[in-house]
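S.K.: Sequence:
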Amino acid sequence: MEQFDHAKSLTGIGFEIYNVSAKFWQAYDEALGTNKTPTTEEPKTAIKTASNSIERKYQNGQVPRTGLIDQERNTDINGQVSFTVPFKLNKQYQVYLFLETSVPSNINEKADLMIVVLPIQNPETNTLLTDIQLYPKNSIKEEFNK
139 MEQFDHAKSL TGIGFEIYNV SAKFWQAYDE ALGTNKTPTT EEPKTAIKTA SNSIERKYQN
199 GQVPRTGLID QERNTDINGQ VSFTVPFKLN KQYQVYLFLE TSVPSNINEK ADLMIVVLPI
259 QNPETNTLLT DIQLYPKNSI KEEFNK
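To convert a position in the sequence shown, counted from 1, into this note's numbering, add 138.
Because the hints were derived from the structure by calculation, they are not lab data. Where hints are given, some of them may not hold.
Stated by the list, open to error - Quick list of the computed label-pair ranges, beta carbon to beta carbon:
{"hint": "1", "residue 1": "LEU266", "residue 2": "ASN244", "range": "34 to 40 Å"}
{"hint": "2", "residue 1": "ASN173", "residue 2": "ASN244", "range": "48 to 54 Å"}
{"hint": "3", "residue 1": "ASN228", "residue 2": "HIS144", "range": "39 to 45 Å"}
{"hint": "4", "residue 1": "GLU193", "residue 2": "ASN216", "range": "43 to 49 Å"}
{"hint": "5", "residue 1": "ALA160", "residue 2": "ASN246", "range": "33 to 39 Å"}
{"hint": "6", "residue 1": "GLU262", "residue 2": "VAL219", "range": "21 to 27 Å"}
{"hint": "7", "residue 1": "GLU262", "residue 2": "THR177", "range": "21 to 27 Å"}
{"hint": "8", "residue 1": "LYS146", "residue 2": "THR177", "range": "42 to 48 Å"}
For each residue, glycine too, the CB sits at the ideal point set by N, CA and C.
Kindly generate the complete structure, drawing on both the sequences and the hints.
M.R.: Here you go:
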């Protein structure tokens with residue numbers, strides 16, 4: 139992606155991924171209410187509301203007590219880390235929370251948590267994506283040179 143061409147890859151950033159599907163879909167159902175025939179916009183609003191609910195719950199370094207998919211994985215020399223997760227379980231699309239869990243000492247600030255609600259559709263082809271690339275952003279401490 140062109141907007142990230144200038145970004146520097148960071149090695150050794152730790153990530154954990156949590157399945158937060160049950161909490162997300164519960165918040166979604168609560169936001170949608172009892173409406174069995176929602177308009178086009180109502181599900182979008184319910185998704186935003188549910189995402190915000192999950193984000194508020196786990197911001198400031200709090201981690202879910204359950205749902206950890208795998209142990210912490212660190213970015214490689216190219217700044218990449220991969221996870222393989224189920225798209226659907228029991229006919230229900232899954233929702234994942236990505237947390238940056240550890241950073242090298244030269245990192246000033248951790249990236250914000252990321253919530254991925256599956257499925258994600260390619261806007262150009264309207265096909266479902268099977269590989270998703272996320273671009274968390276960190277702030278690097280600048281060295282002071284006199």
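S.K.: So, against the hints stated earlier in the document, which numbers end up violated here?
M.R.: 4
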